[in-house]
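Student: Residue numbering for the sequence shown follows this note's numbering, starting at -6 and increasing by one per position.
These are calculated hints, taken from the structure and not from any lab test. A couple of the hints might just be wrong.
Ranges of calculated distance between the beta carbons of each label pair, as one might list FRET restraints [claimed, not checked]:
| id | residue 1 | residue 2 | range |
| --- | --- | --- | --- |
| 1 | S112 | D241 | 30 to 36 Å |
| 2 | P140 | P248 | 37 to 43 Å |
| 3 | R15 | H44 | 20 to 26 Å |
Given the structure is predicted, the values throughout are model-derived calculations rather than measurements. Positions of the beta carbon are idealized from the N, C-alpha and C atoms, including for glycine.
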Amino acid sequence: MSEKTNETAHMLEKIIHPLQPRIAIILGSGLGGLSHHIDIHQEIPYSNIPHFPVSTVEGHAGTLIVGRFGGKDILALNGRFHYYEGYSTREATFPIRVFQALGIRTLLVSNAAGGLNPSFRIGDLMVITDHINLISDNPLRGANVPPGPRFPDMSNAYSPQLITKAKEIAAQHGIPLREGIYLADAGPCYETPAEYRMYRLLGGDAVGMSTVPEIIVARHCNMECFGISVITNSGQQCAAVSHQEVKDAADKVCPIMNLLFQELIASL
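Put together the whole structure using the sequences plus the hints.
Tutor: The following block contains the structure:
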């Protein structure tokens, strides 16, 4: 893995220069519109990057963006990779290892999620304070990748400092923010009503099919992490849901997400 990581990082270093990004963003389903607010230096299709997976999900552009956002040099994955696409979680989180090799120290992630908390409504933004991992394939399984520890601590997977900053920014702009626990399952099926009820009993406030493997690897790489979910459908309604509806709901809150991420990055 390290040989592939180094090869990919070496190729990207030439493209990124003279920028020196220390912050990376992962844009989830329907949230690619945020990329339009980035001052783009380069945009590279995943298919042109050695050893990178290729995103197969509608609504994920499948490009690595190099640019400036919030007054800082950044990298952005415009579309992520999922276990349900057939990748192992190690393969799906390969870009995080590359980010580490490129000097990234802070990772911001976004996703679309189903609401489990009965007080949540479609269109709410939920700051992730913790997670529950129900994806059976842990990305750290197998030989340990140095310099990360064999048994990394996950007690502060989501940075309390970044959460506090995000809440302050939201308050300044009158943006209502929820807080809660994100539960990740393997997908790709949307959950049954019984599964929604079970996940709520387990302590989840929102459920999705991504993010947790990325955070696990990022913490193993000693990155400071921040995550936010857009509540795009509700388990309480027990209604049929489609991927298009998820994308449409995410599109509506994209301007708010842009403002929040931009000012959060500017504050770092």
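Student: Next step is simple, just say for each hint if it's right about the structure.
Tutor: Evaluated hints:
A hinted range of 30 to 36 Å is violated for the C-beta pair S112 and D241, which are about 22 Å apart. The hinted range of 37 to 43 Å is satisfied by P140 and P248, whose Cβ atoms lie roughly 39 Å apart. Hint check: R15 to H44, Cβ distance near 23 Å, so the stated range 20 to 26 Å holds.
In summary, the one numbered hint that this structure violates is 1.
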